[in-house]
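For this one, chain A is given, so just place chain U on it according to the hints.
From first to last, the protein sequence lines are chains A and U. In terms of the working numbering, the first sequence has 51 at position 51, counting the first letter as 1, and numbering is strictly consecutive. In terms of the working numbering, the second sequence has 245 at position 245, counting the first letter as 1, and numbering is strictly consecutive.
The set of hints was computed from the structure by calculation and includes no laboratory data. Take these hints with a grain of salt, some might be off.
Said to hold, decoys possible - Okay, derived cross-link-like pairs now, DMTMM-like style, lysine to aspartate or glutamate, Cα gap no bigger than 20 Å in a straight line:
no.	chain 1	residue 1	chain 2	residue 2
1	U	Lys35	A	Glu232
2	U	Lys230	A	Asp101
3	U	Lys10	U	Glu25
4	U	Lys145	A	Glu207
5	A	Lys227	U	Asp130
6	U	Lys230	A	Glu38
7	U	Lys227	A	Asp130
8	A	Lys35	U	Glu232
Protein chains: 2
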Amino acid sequence: MLIENLSLNKQKLLLKLSKKKHRQEFGLFIIEGSKIVEESFNEAQVEFIVVLDKFKGLSLKDINIPIFKLSEKEFKKYSSLQNPEGILAVVKIPESKLLEDPKRILMLNDINDPGNLGTIIRTLDWFNFDALILQGDCVDPYNEKVVRSSMGSIFRLPIIKSQNALETFENYQNKNFELLGLSLNGTSNLQIENLKEKKLLLVFGSESHGIPSNQESQIENLYQIPKLGKAESLNLSVSVGIACNLFAKN
Amino acid sequence: MLIENLSLNKQKLLLKLSKKKHRQEFGLFIIEGSKIVEESFNEAQVEFIVVLDKFKGLSLKDINIPIFKLSEKEFKKYSSLQNPEGILAVVKIPESKLLEDPKRILMLNDINDPGNLGTIIRTLDWFNFDALILQGDCVDPYNEKVVRSSMGSIFRLPIIKSQNALETFENYQNKNFELLGLSLNGTSNLQIENLKEKKLLLVFGSESHGIPSNQESQIENLYQIPKLGKAESLNLSVSVGIACNLFAKN
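So here's chain A without its partners, still in its complex pose (with noise of 0.2 Å):
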């Protein structure tokens, strides 16, 4: 197999794709290792391949893709890992298509740690949710490292953004959804079997400052993870863990 270069366009193209803007300008992201890659054959629309001059980590005989090689030098300019692996790809970011009758929705609020968001969007998909909504000022979920920490779920999961909290909840209710908030306000004691029967909303806020008090005060069902210690908080994406494996559909 013979592989060209990677064109001079195509590398000024890569260096764009670490801006949010050029992302969501060119509908694009970068994905590395040769384990997502694999997973986005199948999963993403892939626009090119770019690999190391001597990368032998994966067979790309039998790919439809346009694939391209470069130095170690190079390669390392567009590598967000200190140890590339020396194989990376240009994907489609997908659609965000709600299945026609979801039932389990979560929204974030203002996150912005992207290894949490990766952790969280991986945790989702593992609980077959049927979307994220990103509520405010989150990191962007495409990220090279939201990306990374969501292993390959990232093609999975649609992601919607919200402009308005409340405007979300009014058109989630008005589709016969409950909003569920996660809370140090909240109490221990719901209902959780019966809650499991409705269409949910999950709601939570950042770590630091927790669901807004507009929106808080606007949520039928806040729930407290029980405490037993003296820990003041749990961590985000444990905390939606616990709420996810408590409250899934099954």
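Structure of chain U alone, referenced to chain A:
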């Protein structure tokens, strides 16, 4: 209040304490930031405090602990933060005393991600676990990143090193503990309420390799968190959080 400059000897000590070997040699570690330093006054044995010469974030007037100052340039040498708040302290590594009649203990194998370990320490503190056992090749729990993400819970949770997993199992089984492993080879149909009556040693493997097979064959109960969607696995600290919430002693 007149505050002296930090002596060169103590500056050398700070540098040394960035290494595990020296933390063990001196039985000391570094905490950084006003929140955790303030908590340490009640929860740890503080050797001395170091502040940036113009630090004002915390009132240190009535504190009976030696305080030293450093210029901004010097302080940055010893800070583990990109934007240091201007306060750190050297504290004693707590003795790992177990309560008289422990009921919930978590054992981790080969954990190497400091953020995950700190998050797990915080989670165990929230759920009032009695201790954490570290088995195999683990990151040092007094590493600055672990300490930071533990959010003060590092002072409250006894942490024990295990040299031999099977001996540790036997030791706790002799104290009437049951072993409960979290594993992708486990079943989601365990009788959780029955198990909650018992003393439990929860065992986790590393995120990439799971529980070592010589351990897994000794574990009476293997549980898998119900998987409803497509992600291959959950993040380790998310799994620990879910298991703690399911099996905590309330």
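For each hint, the structure was consulted:
Restraint check for U/Lys35 and A/Glu232: the C-alpha separation of about 12 Å stays at or below 20 Å, so the hint holds. With a CA separation close to 19 Å, the supplied pair U/Lys230 and A/Asp101 stays within the 20 Å bound. The hinted pair formed by U/Lys10 and U/Glu25 meets the criterion: a straight-line CA distance of about 15 Å does not exceed 20 Å. Under the criterion of a C-alpha separation no larger than 20 Å, the hint pairing U/Lys145 with A/Glu207 is consistent with the structure, at around 18 Å.
Annotation: proposed proximity of A/Lys227 to U/Asp130 holds, straight-line Cα distance about 14 Å (limit 20 Å). For the hint pairing U/Lys230 with A/Glu38, the CA-to-CA distance comes to about 16 Å; that is within 20 Å, so the pair holds. For the hint pairing U/Lys227 with A/Asp130, the CA-to-CA distance comes to about 15 Å; that is within 20 Å, so the pair holds. Our distance criterion of 20 Å between C-alpha atoms is met by A/Lys35 and U/Glu232, whose separation comes to about 12 Å.
Figure legend: structure checked against the earlier numbered hints; every hint is met.
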